[in-house]
Amino acid sequence: MNNRRKIFISLLLVFMIFPVYAYVAKGVLSDEAQMCLGCHSSKDLTKQLDDKEILALYINGDEFADSIHNVIGCAGCHMDISMENHPVRKIKSKKEYTANASIVCTMCHTDDQLRKKPMHGYLITKAKTLACVECHGSHYIKSISDWKKGVNETQYCLTCHKYDLSMALKSGELLSLSINESAYKNSVHGNLQCGYCHIGFSKTEHPMRTFKSKKEYTANTSKVCALCHPDSQLKKKPMHGYLITKTKAPTCVECHDSHTIKRIVEWKARLDESRYCLTCHKHDLSISLKSGELLSLYVDESVIRKSVHRNLQCHNCHSGFSKSEHPVGVLKSKREHSIVTGDVCKKCHSKAYTQYEGSIHLTMLKSGDLKAPTCTDCHGAHSIVKATADKTVGLLSCNKCHGEINVAYERSVHSAARNKGDEKAPVCSSCHNAHDVKVTAMTMKMKDVCLECHKDAQNAHKKWLWNPPIALSSFAGLHFDVIACATCHSSDAGRGIYLILYDKKTGKPFPEEEVLKLLETDTAGLIGKIDSNGDSSINASELWNMVKQLNGKGTDVTFTGRMDVRKGTEAHQLAAKTKAVKECEQCHRADSDFFKEVSIVLTKTDGRPTLLNAKQEVLGSIFSVLPVSKFYVLGSTNLKLLDILFIIAVLGGLAVPVGHITLRIVTTPLRTLRRMGKGGKK
Amino acid sequence: MKRIYLHPIPVRLWHWINAAGFIILILTGIQIRYSNIVKLFSFETAVDIHSWTGFILIANYFIWLFYYLLTLKIRIYIPPLHHPIEFAKKALRQAKFYGFGIMVGEQNPHHPAPDNKFNPMQQMSYIMIMTLLIPVQIVTGLLLWDPKLFSGLVNLVGGIQIIDTIHVLLFIFFSAFIVVHFYLATLGHTTFAHFKAMFTGYEEEEEEHGHSEEHGHSHGH
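Heads up: the protein sequence lines correspond to chains A and B, in order. In terms of my numbering, the first sequence opens at residue 1247 and continues consecutively. In terms of my numbering, the second sequence opens at residue 942 and continues consecutively.
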């Protein structure tokens, strides 16, 4: 027998004998193991790790004897430990310990071998955090076939999936593969084996799948639900019926979850209403409106949690909706939705809503201007914060429609103060109110608002704005009455004169609607009715005729005047007071720039002004004395006729002595003759 | 030359204060109204002077009023309307004198005396000026001085523009009047006789009326 043959026969014997030996050896502990167990069979044997965890060092000798590894004894794995050498090792944590312990496994179970199993291959490359012993255990490892026989499918799957496994998707998202065992057991599907839903997976099959995204994964997973819960069954519920028809509808698991599904009745009882609603509405839901618009039904839970309404339930605003009711409404447009939603707010915010009812915003809305804001346009729907606490709410919401004004405001001294941290610095609502937003153009309302903060303004102006010999606050007040604060305090603003039709009987602006009725015209025809020469600018005689016509029909109207900035935006760019107009002659001179632009103002019942261009001559015409009897500015609204009269009078006054002296010179000979006759001089 | 004490001190004081005040008011009024053309003072200065002067003249007006009322001399201003025809004739004669007689060397038909100071034309114009025009100018001036303070009255009259119109119309009248008044003051027996009288109080009148050519125009009122 040559040597090669001897080796072959020896190995054959070893391979034949080893199973027999192993079988025989099963259940029998080696001497070495028994020696180790001398200590490690004590249940009290533990070790405190660096992180204070307690690592049990107890080994159940019987179970170890039954494990597949009893033949390799203790030193087979704990190679650095023997009876002669038992070092005391420092171990940071159990995790570190299991990771290190698992390294030993690769001595026999090489990577190449493990990679042959798809899941092992995946775990080795992707999930390095999961150590061998975490799935297979350490001292009581069975042969795979024995182990599989002893566990049901769910237990088998959970062997790995109870750990913090995850899977990187193509989208970059990390899909958790971890299952909470107790939650699953308590779910309505707790009695189902994994393979019921995870078709293709079993104790013997574990295909490797890849997904683009979580969305794709959940969509695919949800298809399985239909096996037990067919569309016909789901459509009986209106919202399910609706969602099933929408392609962007969330999948089953997005609302119901996957492994923690409860019975609906049980689930509903457990959740408060908001959480119940958010089950679906936290997803990217939307609804198509009649207008063709897509209304998002998504609700950002984090936003609600930060909102002032965080303690409310959904039905407090969405009346008709609850855990048991979910009507499917039909809305025309997003705007209609906002308006309807705004109406809900008045249930609790009746005071604010009553104020809003008197506002120009609601007036505009009622008159068909759907751009006019409702509650949610300014406050948001779910992101409502306390506006008094966060003044930016006003700025941001007003800015949506009044952006141009906001740009001007940002140039103002008020904005500068606000940016410096002055909490009292005004924002939009400080002057215009939050809900009771009125038309301010051509009114003196703003003056009162300014004086609320600038309480001493009238006295401050009195220091330089007074007529000797007595400084009366009424003289400054006179200016306050006819000049908007912004006129002087808005640097670089255009200024103009506004002649406002005024009802002497009521002391208020005469309504434009009445003017239209009395002049038997409409808004479009108004200018044509007044501007008889058709030059698109009202002159003095046209103004006279207008007032004559109106007063001829039983009214008692006149024009009162005021000075204001030309554009509403300019009223917001208020500068520091050092830049304010202070020179009297800026206004009080016949050629003042401030008097070059003149407008006739008709005021609608809701306060909105209609401006009609007028010629500057209306301020200085004799025709205007009666129609504009209530507006006069020293030096600037001089009646031209009086100027002519003045020149005539002065010339006439000079003509008297000049003419008389001339006559006296001419008649000197007559007097001389008479004197000579009477006095005897010759 | 006969000397008649025609202008007591209170009258002279009142007159010169009034005269200076009128000129100042007219000049500052012009400056205020035509500040784009006239550059005598700044607008503010003109308004300040105008207001101060206005109040001084209001006080001055009351000096005049109280003086004439308390001394009962107010009657020299009152035309004898109980003799209307005679008064009208005298007025015509006075007008004829200024328009014709003075040219041909006729005697001034009016001879002033302390209790008959004014000729009929003076009486008519001064009674109008002193009892109507100046009070109206004072009231309108006050209303313009602080229209808000007197807003009730301003509205009663019909509006601030109407108040201003009245004030300016009177300003125009007084501007013309003061020129004529100044000229007439030169028509004494010498050019400055009336001016002198308004300083000294004594009006000089020639003894022989028949020899006087430009006699008897009394200036003060």
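Bear in mind the hints are in silico, worked out from the structure with no lab data behind them. Where a beta carbon is used, it is the ideal one built from N, C-alpha and C, also for glycine. Incorrect hints may have been included.
Residues from chain A shown here face chain B by an in silico Cβ test under 10 Å; the list is partial [to be verified]:
(1) Thr1497
(2) Val1499
(3) Thr1525
(4) Ile1716
(5) Gly1723
(6) Lys1825
(7) Val1827
(8) Glu1831
(9) Asp1837
(10) Lys1850
(11) Ser1875
(12) Ala1895
(13) Val1896
(14) Gly1898
Below, simulated DSSO-like cross-link-like pairs (lysine-lysine); rule was C-alpha separation at most 30 Å, straight line [to be verified]:
(15) A/Lys1751 with B/Lys980
(16) A/Lys1754 with B/Lys980
(17) B/Lys1030 with A/Lys1842
Far from chain B, by Cβ distances over 10 Å, these chain A residues were calculated [unchecked claim]:
(18) Ser1287
(19) Gly1604
(20) Leu1641
(21) Glu1698
(22) Thr1804
(23) Ser1870
(24) Phe1877
Quick rundown of the hints versus the structure:
Proximity of A/Thr1497 to chain B is violated relative to the hint, the smallest CB-CB distance being about 74 Å (cut-off 10 Å). Given the 10 Å rule on beta carbons, the hint for A/Val1499 is violated: about 76 Å separates it from the nearest Cβ of chain B. Look at A/Thr1525: its Cβ only gets to about 67 Å from chain B, farther than 10 Å, so that hint breaks. Taken as an interface hint, A/Ile1716 checks out: its beta carbon lies about 9 Å from the nearest beta carbon of chain B, inside 10 Å.
With 10 Å as the threshold, the beta carbon of A/Gly1723 comes within range of chain B, its nearest partner Cβ sitting at about 5 Å, so the hint holds. With its C-beta approaching chain B no nearer than about 20 Å, A/Lys1825 sits outside the 10 Å limit, and its interface hint is violated. Look at A/Val1827: its Cβ only gets to about 13 Å from chain B, farther than 10 Å, so that hint breaks. About 4 Å separates the beta-carbon of A/Glu1831 from the nearest beta-carbon of chain B, less than 10 Å, and the hint is met.
Proximity of A/Asp1837 to chain B holds as hinted, the smallest CB-CB distance being about 5 Å (cut-off 10 Å). Proximity of A/Lys1850 to chain B is violated relative to the hint, the smallest CB-CB distance being about 25 Å (cut-off 10 Å). At its closest, the beta carbon of A/Ser1875 sits 3 Å from a beta carbon of chain B; the interface hint therefore holds under the 10 Å criterion. Contact between A/Ala1895 and chain B, as hinted, is supported at the beta carbon level, the nearest pair being about 4 Å apart and thus within 10 Å.
Given hint, A/Val1896 at the interface with chain B, holds; its Cβ is 6 Å from that chain's nearest Cβ, closer than 10 Å. Using the Cβ-Cβ criterion of 10 Å, the hint placing A/Gly1898 at the interface with chain B is satisfied: the shortest such distance is roughly 6 Å. Taking the CA atoms of A/Lys1751 and B/Lys980, the gap is near 43 Å; set against the 30 Å cutoff, the hint is violated. The straight-line distance between the Cα atoms of A/Lys1754 and B/Lys980 is roughly 40 Å, outside the 30 Å bound, and the hint therefore fails.
Our distance criterion of 30 Å between C-alpha atoms is broken by B/Lys1030 and A/Lys1842, whose separation comes to about 55 Å. Even its closest Cβ contact with chain B, about 108 Å, leaves A/Ser1287 beyond 10 Å, as expected for a residue assigned away from the interface. Every Cβ of chain B is farther than 10 Å from the Cβ of A/Gly1604; the closest lies at roughly 29 Å, confirming the non-interface assignment. Every Cβ of chain B is farther than 10 Å from the Cβ of A/Leu1641; the closest lies at roughly 36 Å, confirming the non-interface assignment.
For A/Glu1698, the non-interface assignment is confirmed: its Cβ lies about 21 Å from the closest Cβ of chain B, beyond the 10 Å cut-off. Some Cβ of chain B comes within 10 Å of the Cβ of A/Thr1804; the nearest lies about 7 Å off, and the non-interface call is violated. The non-interface label for A/Ser1870 is inconsistent with chain B: the shortest C-beta to C-beta separation is roughly 7 Å, within 10 Å. With a cut of 10 Å on Cβ distances, A/Phe1877 falls inside the contact zone with chain B, its closest approach being about 7 Å.
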